[in-house]
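Asker: Let the sequences and hints guide you as you build the complete structure.
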Amino acid sequence: MAKRFDIQRMPGFKTIAAVTFVLLYMPIFLLVIYSFNAGTSIAIWEGFSWRWYVSAWDNQQVQDATVRSLIIAFWASAISTTLAVLAALATTRTPKFKGQSAVFAMINQPLMVPEIVTAVALLIFFAMIKVATGYTGLLYLIIAHTAFCIPFAYLPIRARLTGMDLALEQAAADLYAPPFRVFTRITLPQLWPGILAGAMLAFVISLDDVVITEFVKSAGQDTLPTYMLGQLRRVVTPEVNAISTVLLGISVTMVVAFTALSKLKT
Amino acid sequence: MAEHSPPANATEKRASRVRWLLLAPALLVLLFAASGPLLITLVYSVLTPGDYGGVIWQPSGDAWFNVILQRDIFDDTLSWSDAHLSIFWRSVKLSLMTTVGCIIFGFPTAYFIATRPKKQRDLWMLLIIIPFWTNILIRTFAVVELIRNEGTINTVLMWSGIIDAPIQMLFTEFSILVGMIYVYLPLMVLPLYASMERLDFSLVEAGYDLYATRMQVLKRIILPLVKPGVIAGSILVFVPSLGAYVTPRVMGGGNQLMIGNLIELQFGQGRNWPLGAALSITLLAIVMVALMAYVRTAGKEGPGHG
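Chains as they are written, first to last, in numbering that gives the first Met the number 0: chain A, 0 to 265; chain B, 0 to 305.
Hints in this document: simulated from the structure, not taken from any laboratory.
Ideal Cβ positions, reconstructed from N, Cα and C, are used throughout, including at glycine.
Hints may be right or wrong, so weigh each one.
So the derived list for chain B, only partly shown, Cβ under 10 angstroms to chain A, looks like this [claimed, not checked]:
id: 1; residue: P24
id: 2; residue: L37
id: 3; residue: G52
id: 4; residue: A141
id: 5; residue: Y207
Answerer: Listed below in structure tokens is the structure:
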């Protein structure tokens with residue numbers, strides 16, 4: 000008997016989808032595999048070895064860049080998440096207000112404006128401040144990262160807040176709990192998966208940033224991505240693969256955890 | 000909450016004060032490190048370049064003039080700036096091709112995911128989302144390793160005797176295109192999947208009942224229904240492609256510039272900050288026009304498809 004007519008089938012679509020998934024993952028898999036190559040080539044396999052992880056670990060520049068990346072990502076995600084919680088409360092727990100669309104435009108600006116434009120604008124502005132104050136520390140990078148992390152932290156937190164049942168908050172307020180108490184005892188315990196999700200997203204976004212960091216950093220302030228960008232100009236050894244694999248591992252872990260967190264029921 | 004509140008007017012005032020207090024820290028940071036610097040960039044675009052970078056505070060329209068025109072250094076005649084125009088053209092061309100490429104691979108993929116059993120869909124989407132959240136530099140670099148002269152593809156082809164000398168793929172427009180499609184594909188699949196997931200297949204069934212062919216069903220029923228997703232995906236891919244910096248820098252090797260690289264050049268060797276600022280504002284304006292066009296079409300078509 001003939002197979003049942005499948006109304007969802009489109010000839011060739013499955014094949015293209017399969018090809019897409021293979022193409023999407025093959026380069027990443029090869030990158031990871033060759034990070035364990037015993038030889039210096041990134042195309043000829045010479046056996047398994049940890050040597051490139053060891054050499055990356057022993058590389059002073061890589062160490063410094065890693066520490067710098069982590070410091071920036073930590074502060075940027077912590078600050079941006081805190082600010083995003085406040086902003087999300089203001090835009091979900093108070094009635095519609097004048098200037099709302101302007102506020103949304105500002106919060107989402109880092110998502111709309113091309114990164115290179117923001118990077119150049121920050122380069123110009125921070126150059127003025129650097130000349131005026133003489134300060135060239137990490138604060139510029141932390142502030143720049145905080146700004147573009149805000150929308151990424153804001154979106155999951157706001158989604159969680161709008162999805163929450165208001166009955167509990169209202170009940171607490173009806174029992175004369177002051178607003179701050181309502182927040183700490185009722186809202187916050189329900190909100191934490193959103194906060195954690197936002198913070199992780201912000202952390203990954205900050206850790207992965209190349210363009211804005213490249214333009215804002217002062218001399219000797221390489222983060223891991225800008226260090227790698229600089230390395231790509233030279234002869235590439237699997238050491239770059241090793242660093243990439245570690246960064247990749249962090250991102251994948253965070254994304255999977257983020258997806259799990261956003262699925263938690265309120 | 001309303002029963003035991005003070006009079007409405009006072010409550011409103013209080014709510015407004017609380018709201019702006021809560022918003023203030025975030026808005027201040029954004030003003031300092033996002034919106035404010037953009038305004039300063041606008042100002043810089045009408046100043047005179049300094050000799051070693053930076054600006055001299057002297058108004059000048061030269062930067063805007065130089066975006067698309069140039070004056071001959073010997074006889075002062077005006078002409079189109081061929082170098083800039085060719086870079087603009089390459090940017091627009093490659094961004095459009097990237098968008099089309101992402102549709103070619105992304106549409107069937109999104110359709111495939113949307114027609115899986117409900118429980119599997121999230122897992123397939125996770126496979127799309129993971130590359131999206133991994134470092135753009137790492138993903139670009141992964142493609143470089145594949146297509147460079149000493150890379151996997153050339154090594155395999157030479158080892159198997161199909162070619163004698165490596166095929167030059169890296170540092171061409173082709174490699175930038177491949178890299179950008181690879182990097183931005185998830186941005187196409189996400190909105191496409193969102194609109195296909197809600198596709199009502201009883202309409203498709205009705206089409207087949209009326210003896211439509213697969214091609215007719217695709218063209219007359221499915222495509223019109225998922226059009227908002229196609230438009231959203233195209234904007235999401237086109238906009239970052241146009242402003243791409245990392246992929247053309249790594250893939251183009253410095254000879255195949257796009258707008259992003261041209262802008263960077265003005266702050267490096269070019270030492271023409273006002274021109275860089277003017278180019279940035281131009282790029283921003285193009286992006287805003289694209290986004291506004293999208294919001295308009297989305298607004299017009301949105302309600303119809305719920």
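Asker: For each hint, tell me whether it holds in the structure or not.
Answerer: Taking the hints in turn, this is what the structure says about them:
no. : hint : verdict
1   : P24  : 5 angstroms, holds
2   : L37  : 5 angstroms, holds
3   : G52  : 8 angstroms, holds
4   : A141 : 4 angstroms, holds
5   : Y207 : 6 angstroms, holds
Violated hints for the displayed structure: none, as all numbered hints are satisfied.
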